[in-house]
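Residue numbers (my numbering), protein chains in the order written: chain A, 1 to 430; chain L, 431 to 728.
Heads up, some of the hints might be wrong.
[Claimed, not checked] Incomplete in silico selection of chain L near chain A, CB under 8 Å: (1) ALA465; (2) SER489; (3) ARG490; (4) TYR491; (5) ASP596; (6) ALA605; (7) HIS608; (8) MET720.
FYI, nobody ran anything at the bench for these hints, they're computed from the structure. All residues carry an ideal CB built from backbone N, CA and C; glycine is no exception.
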Amino acid sequence: MQLTDADPKDRRRLSLALATVGLLGVAGAVPAAADDAPRDWTFDTGLLFYKENGGRVQVIEPAVDATLDLGNDRTLSAGFVVDSLSGATPNGAAPAATPQTFTQPSGRGKTYTTAPGATPLDHTFEDTRFAGDLGYLFPLTGGSKLGVGLSGSKEYDFTSVGANAHYALDLNQKNTTLTAGAAFEYDQVDPVGNAPVPLSVMVDAEKTGGSQKSKNVKDLLLGLTQVLGPKGLLQLNYSLSLSNGYENDPYKILSVVDANAVPQYYVYEKRPGSRTKNALFAEYKRFVFGRDVVDLSYRYFTDSWGVRAHTASLAYRWNFTERKSLEPSLRFYSQRQADFFHSALYTGQDATVDYASADPRLGAFNAWTGGLGYRQILVNGHELSVHVEYYKQFSRAAGVPQQAAAALSQFNLAPDLAAVNITLGYRFNW
Amino acid sequence: MSGSRAIRVEPAASGGLAGRFEAMASPCEVLVDGADATEVARVASLVAAEVWRIEALWSRYLEGNVVDRINTAQGRAVTVDEETARFLDYAAHLYELSGGLFDVTSGVLRRVWTFDGSDRVPAQEAIDTVLPLVGWSQVSWRRPVLQMKPGMQIDFGGIGKEYAVDRACAIARQASAHPVLVNCGGDLAAGAPRRDGRPWLVGIDAHVPGQATPVIHLHRGGVATSGDAHRFLLKDGVRYPHILNPKSGWSVPGGPRAVTVAAPSCIEAGVLSTMAMLHGGEAAEFLAQMGADAQLVW
């Protein structure tokens, strides 16, 4: 509304306001309309529970996001997450016919032994991560908005700080939105018992690869959101990520085996000192039956390490009443392994390769995720949500050394993985 | 009185559901943000009950109610109920505040003014016959007793609907956790912004042909529109809107076609828009002096 310039404290206006309060009573008087700054807090609280099968990783993650509406399209937001991780994670070594004994990263003589034929898992994996972020979003001239933010996280052996900015420009009567974003992150890892020398043989002795390792990550995002008629919405994103520095996982190793697949020794992994990631994302949402939403998306990912990945998702939000919805979803993911992924190395190969890693996350696999979400707006206007996902990963053996392939084939080099993810959410205004 | 007492739950233009009913010769709508049909129907029934209650209480067309008893008292003193007394106090205050422009006794002027689009502007002599029956200053109001000269009448038409909207909105606000907007023929009130903090978007139909419907953003509070709509006389090129000055008995020419005001309450918005219309060509200046959040159509 157009505001007329005047002193609102005109005596008659005050007199009218007082008389109106007298008529309607304080309870009946609605707070001032001129207050375009509602200063309402919105809290998004959540509890995530993630559990992999076979006693592997388990995560409990409470999270809270608070957004303060400052009015005039300005918002201030803050988020805080605590991750509590525990369980076992593959250390990278291949299964063997005899028991394998490994020393914990702390190198203080604590060891764990893996049964014959089993995937070596480091059971000492336990960590708590604290992460927080702050953001401020405000309008610029000409229908554009700028958001700036800071983020940080801390684990026992890992520290990360970052800053980000994103810009959104509405065009064509808000039917088109262009976005551009940039982020910078500095990560520092202080490996337990120091960092190993990459590709060096794992021995039970002081590691000499240095105590503090760091990397820089620069991200760039370009996006286009286009309203397609009254019922459709298309979003296209391109993202580029440049990472430089210490890319290794200081706790991951590889088996070096002979022709009989007998481990001769173990070496620490080594990854290139930089990684360039590119991703293209397309999403189409359509409002159907005047009630529901269909959400289709596809993402293509490629990086300078040779990883290629496709993700296709389909979700259907069924708003079966005004306040309740169910959302089944299905996602397919397929990944080709990194160029330097090796299930194991053949004796002496560790001296000839430039890089090597047996981290299953860099391996080859397909994965299906089926999910079901339920969302309800409660009588008090708060929103409750429950989301359950089942994840099943089908791994493919890759990077198997030719000379030991026959002998290694007796083992499951690429075990499948299943995980359940449950998220509880509660959103309220205050 | 509106005949129909039906409440319908229907899709709202803005998405979601609206509870609709008829009252005070206007279509009324109740928006309950984020609620399902059951909750919309529950809140709408509370809102409708309150609006209908006030309509029955103060309608000029309902025999036996307090307004009818006042208007047919023929000089006798009438004792009124507490709510009507509060409303008369408010009317008395508005009379003072407006320097006599806002007058609940001005309704009798309609005996000589009929705004039917014709050129039948009454003669001064005709106006002079009813003008002595107009003027709050002639009324004896000693709470809870009202006494007027025979032939005088009161009419809460100017602000009764806005009062009903505010009352109904306050009731809905206490009865439901959802943000609620009550709209009776363009006079509306919202108890809170929508659930996601966004304002309500309200199209204001000023009934002015050829003018686009302005959309206003309302976080909370009231909005009211006064206008001459199609009710005016046209004689010798002069437009006489149905806005009558109770002091002169004459139509106030030269004013805006419509005034929409946003204020903390619907009734306050209604008083400001009505008073602005009574200021004729000075409407914008008046609103500026009052610091009103207003939109005018000339």
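- Item | Interface hint compliance - ARG490/L to chain A, C-beta minimum distance less than 8 Å | Where the cut-off is 8 Å and the nearest Cβ of chain A is about 20 Å from ARG490/L, the hint is violated.
- Would the stated hint for ALA605/L survive a check requiring a Cβ distance to chain A of less than 8 Å? With a closest approach of 11 Å, the ALA605/L hint is violated.
- Message: Less than 8 Å between beta-carbons is the criterion; does ALA465/L satisfy it with respect to chain A?
- Response: Hint holds; ALA465/L Cβ to chain A Cβ min 6 Å, cut 8 Å.
- Item | Minimum beta-carbon distance criterion (8 Å), SER489/L to chain A | The hint is violated - SER489/L has no Cβ within 8 Å of chain A, the shortest such distance being about 19 Å.
- Does MET720/L pass the interface check with chain A, least Cβ-Cβ distance below 8 Å? holds (5 Å)
- Verify the interface restraint on ASP596/L: the C-beta must sit less than 8 Å from at least one C-beta of chain A. holds (5 Å)
- Item | Restraint outcome when TYR491/L is required to lie within 8 Å of chain A by C-beta distance | violated (23 Å)
- Interface hint status, HIS608/L versus chain A (Cβ within 8 Å): holds (6 Å)
The structure is inconsistent with the numbered hints 2, 3, 4 and 6, although it conforms to all the rest.
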